[in-house]
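Novice: With the first letter of the sequence shown counted as 1, position 257 gets the number 857 in my numbering; the numbers rise by one all the way through.
Check before you lean on any hint, since a few could be wrong.
The calculated label-pair distances, taken between Cβ atoms and stated as ranges, are [what the hints assert, rightly or not]:
(1) Gly-1072 <-> Pro-916: 22 to 30 Å
(2) Val-821 <-> Lys-690: 22 to 30 Å
(3) Asn-820 <-> Arg-1143: 52 to 60 Å
(4) Gly-983 <-> Ala-1074: 51 to 59 Å
(5) Arg-857 <-> Gln-733: 29 to 37 Å
(6) Ser-744 <-> Arg-956: 53 to 61 Å
(7) Lys-818 <-> Glu-625: 36 to 44 Å
(8) Asn-752 <-> Pro-916: 52 to 60 Å
(9) Arg-956 <-> Glu-626: 55 to 63 Å
(10) Glu-626 <-> Gly-899: 42 to 50 Å
(11) Glu-915 <-> Asp-862: 33 to 41 Å
(12) Gly-831 <-> Leu-793: 23 to 31 Å
Below are the EDC-like pairs computed for lysine to aspartate or glutamate, each with C-alpha atoms no more than 16 Å apart in a straight line [what the hints assert, rightly or not]:
(13) Lys-919 <-> Asp-958
(14) Lys-1008 <-> Asp-870
(15) Lys-816 <-> Asp-1039
(16) Lys-1103 <-> Asp-1004
(17) Lys-912 <-> Asp-958
(18) Lys-912 <-> Asp-960
(19) Lys-1066 <-> Glu-1098
Everything labelled a hint here was simulated from the structure, so no lab data went into it.
The beta-carbon is built from N, C-alpha and C at its ideal position, and this holds for glycine as well.
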Amino acid sequence: MLTPDDRGIRLKQIYSSLDRKYEEEEAERNAAAFGLAYINLQSFPIDHNVLGLIPKEEAEHLSVLPFYREGRNLKLATPNPNDGINPVLKRLEEQSYFLELYFVSQSSFQSALTNYGKIVEVKQRAKGIKLAQKDFSQDLSSLSDLGKKLMNASATEMIEVLLGNALSLDASDIHAEPTTDTIKIRFRIDGVLQDICALPKELNHQLVSRVKILSKLKLNVTATPQDGSFGLTYDDKQVDIRVSVLPSAFGESIVMRILRQDKGQLKFEDLGIKGLAYERLNHELEKPNGMILTTGPTGSGKTTTLYAILSKLNEPGVKIITLEDPVEYKIPGITQTPIDVSAGFTFGSGLRAILRQDPDVVMVGEMRDLETTETAAQAALTGHIVLSTLHTNDAAGAIPRMLDLGVKPFVLAPAINAVIAQRLVRKICTHCKVEYQPDPHLLQRAQMILAAIPKSAQATVPTKLKFYHSPGCAECKGLGYKGRTGVYEVFVINEEIEKMVNKATSTNTEIKRQAVSDGMVTLAQDGILKALEGVTDLEEVFRVTEE
């Protein structure tokens, strides 16, 4: 129960908070009247290195100070824009700075002035944040431990803690989502979002500001989405961070996509394509021309598969050009071209342009329209290897999809060499893996699916079925999974299927039935075979392969 003194203190806090709110609202109105951008510096991460451009005494006397610098672009704040600050502005312009003046409240300005007295270790380098795995991988046996570390981090350390721990856990995305009274932090680990912790809501402004500064986004734009990026080094390896900021009912929501240059590329042999499927696909890649497609939903690993194929084809004497949206991973020896739809440089127009560059192999990020698909098919018929992706549920579905786009059957049939459908499954942790008895319904379904594998597939199915799972341990942070691998179905165009394509009347089901008869192992079958090998578990296989 509150004492009278406690109630008095609480009331003062409320009145003080209201006063600050009214002051900031008035400052925002004044900013508009002066034609300046508005900013609140009270929770803004001031760039301490830049404060020295205006000495503290001068900043206090003239009511102007610098708070952020990016290259030669300099941001300054003032609660009193007047002619008295012109000499300072002129001096900075003569030093080749491009100035941007912001209006702030008096309280905000006084808060910013206190930074002159602070000595801070600045972690930002010319090429971004510098992190090391050893600083983040210790004393972390579960995701709840990470949540505690974030809760105890200072506001200025928040981004480094988020990024460093996300990298140590091999997370692909960081989500910071404001709610009514908290910021929900989640990491996408092995394709699944995992709750990390809930941070105090008052940290959201500083978190968003820091991310915007790093990714060169506009600080004063809060009502429209913004996209940006920045780079960092992790154990001296380059990491690219792609940033999306989205307005929401409770504040700006952030998603940071992590692209690790050291982990984005696999060898073709390490993809997880096995048996007859591997032999057939390898044979198709040895041909001098033709189209090879990967299909599957977003996040199923299609681009990784194409990069692995590109690396296999990347030999002396071979010219390879890619068209991507955007370029995710850099491959030495390959010309990689980003599309720019806003400038009219689309997949269709880009493909026509790169074909004039005398390539042997071209990769097009996605087949989205008739122009791109038809141009790609013609290129495959005229001496080029063409790689691309489609959004279909299975490999056989690529044929009806391309016909629906308007490609002529007599062009499509001889152009396609192979289609790879794929999904990503989480691998069970090898440190706590144990044999287990799956749910009887799952086991029965698995037995039925395995029984449908034709002899022509040349797959080995053990007579006694053993399955495995992982209950979770410190090594996998209690998740039971660590890492991912692909499950595949490889659909090769043979003479019989080419006839079906030319007829243009065969359904997806009919084409798939013929492909299975010819020896194709389906996605679910490949997944169950991998579960029998102890790579994954049945629950994970059915999670990703059932439509």
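Novice: If a hint holds in the structure, say so; if it does not, say that too.
Specialist: Structure-based check of all given hints:
no.	hint	in the structure
1	Gly-1072 <-> Pro-916: 22 to 30 Å	violated, 47 Å
2	Val-821 <-> Lys-690: 22 to 30 Å	holds, 28 Å
3	Asn-820 <-> Arg-1143: 52 to 60 Å	violated, 43 Å
4	Gly-983 <-> Ala-1074: 51 to 59 Å	holds, 55 Å
5	Arg-857 <-> Gln-733: 29 to 37 Å	violated, 20 Å
6	Ser-744 <-> Arg-956: 53 to 61 Å	holds, 56 Å
7	Lys-818 <-> Glu-625: 36 to 44 Å	violated, 21 Å
8	Asn-752 <-> Pro-916: 52 to 60 Å	holds, 54 Å
9	Arg-956 <-> Glu-626: 55 to 63 Å	holds, 60 Å
10	Glu-626 <-> Gly-899: 42 to 50 Å	holds, 47 Å
11	Glu-915 <-> Asp-862: 33 to 41 Å	violated, 22 Å
12	Gly-831 <-> Leu-793: 23 to 31 Å	holds, 25 Å
13	Lys-919 <-> Asp-958	holds, 8 Å
14	Lys-1008 <-> Asp-870	violated, 36 Å
15	Lys-816 <-> Asp-1039	violated, 51 Å
16	Lys-1103 <-> Asp-1004	holds, 14 Å
17	Lys-912 <-> Asp-958	violated, 20 Å
18	Lys-912 <-> Asp-960	holds, 14 Å
19	Lys-1066 <-> Glu-1098	violated, 39 Å
Hints 1, 3, 5, 7, 11, 14, 15, 17, 19 from the earlier list are contradicted by this structure; the remaining hints agree with it.
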